[in-house]
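Undergrad: So you can see what is in the structure, the chains are spelled out below.
2 protein chains.
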Amino acid sequence: MTDPSSDNTPFATVLNRSLGTMIPTSASMNIEAIEVRPGFASMRAPFAGNGNHFGVMYAGVLFTVAELLGGALAWASFDQDRFYPLVKDMQINFRAPARSDVISQSTLSAAEIERISAEALERGKSTYLLEATVTDVDGTVVATTTGTYQLRAHRPAG
Amino acid sequence: MTDPSSDNTPFATVLNRSLGTMIPTSASMNIEAIEVRPGFASMRAPFAGNGNHFGVMYAGVLFTVAELLGGALAWASFDQDRFYPLVKDMQINFRAPARSDVISQSTLSAAEIERISAEALERGKSTYLLEATVTDVDGTVVATTTGTYQLRAHRPAG
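From first to last, the protein sequence lines are chains A and B.
Per my numbering, the first sequence starts with residue 1, numbered consecutively.
Per my numbering, the second sequence starts with residue 1, numbered consecutively.
Calculated from the structure, these hints are not laboratory results.
You may find that some hints are simply not true.
[To be verified] Distance condition first, Cα-Cα at most 20 Å in a straight line; then the derived EDC-like pairs of lysine to aspartate or glutamate: (1) K88(A) with D136(B); (2) K88(B) with E119(B); (3) K88(B) with E131(A); (4) K88(A) with E131(B); (5) K125(B) with E114(B).
Same shape as in the complex, but just chain A (with noise of 0.2 Å):
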């Protein structure tokens, strides 16, 4: 994928680009990044295409619009040349039915960032914990996050 600070063309565009590519099941549930940023991601999942026989978003979708979230913010966080990010683990607390499009945030500190990028360049890998919400149209909470995430050093060449 494109280096994001390579031009001024904003991270989320850059991501979507080539996101679906990436991970088909982003595109089939048409999530798209709405920003992306150092410390900073946000994505969208529509409702329609996405929902269950209750009428409301499937619970897969909802994860999937959360636990991207990991990948962006290391990838607008972290020098890629270098690292690579790893989910471990991830609780989800479904909070409300979503009947609508839905749109997760995630952040994650200045410092967190220079802690984790020191340690993994220290020992090879890093581990964090990141919390993301899920909100419906109205704002209201339908679900909250917890992952484990892991950013690895690539393995030197041969």
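Given chain A, put chain B in place with the hints provided.
TA: Relative to the frame of chain A, chain B by itself:
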């Protein structure tokens, strides 16, 4: 959906006829039921089309192939004219990268089925836990989940 107890067709066959219509996400992921009966459910997600840019199955697919078991188990185990299931929360642990088709499975004991049915009949709802495992074609456990579900009684019409 057709009542699974109305003929001798295997539950999984009946479920696969309508799963993709009920939950389009399952069709996009080409997830299918392998075996479904009271107290037991197993499903498969193919690797093709469900990967990510690291060459392993995407986390949201592993979540979905496990989460869908909750609906399948409830459908086969409880009186669907009286009850419907909800997922309240789920914890998923990613234990190994999945590089092949995966199979999920979960069980619910006869005693638990009886307890949940009785409680939902009496109080209108009953909470229960489901544990699921997701394995690759070599039998390696790639993910485990623990979900909190609730069986709810349909409200009287009108």
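Undergrad: Now tell me, hint by hint, if it's right for this structure.
TA: Against the structure, the hints:
1. K88(A) with D136(B): holds, 17 Å
2. K88(B) with E119(B): holds, 17 Å
3. K88(B) with E131(A): Cα-Cα ~18 Å, so holds.
4. K88(A) with E131(B): Measuring from Cα to Cα gives roughly 18 Å; hence the hint holds.
5. K125(B) with E114(B): holds, 13 Å
In summary, this structure violates none of the numbered hints.
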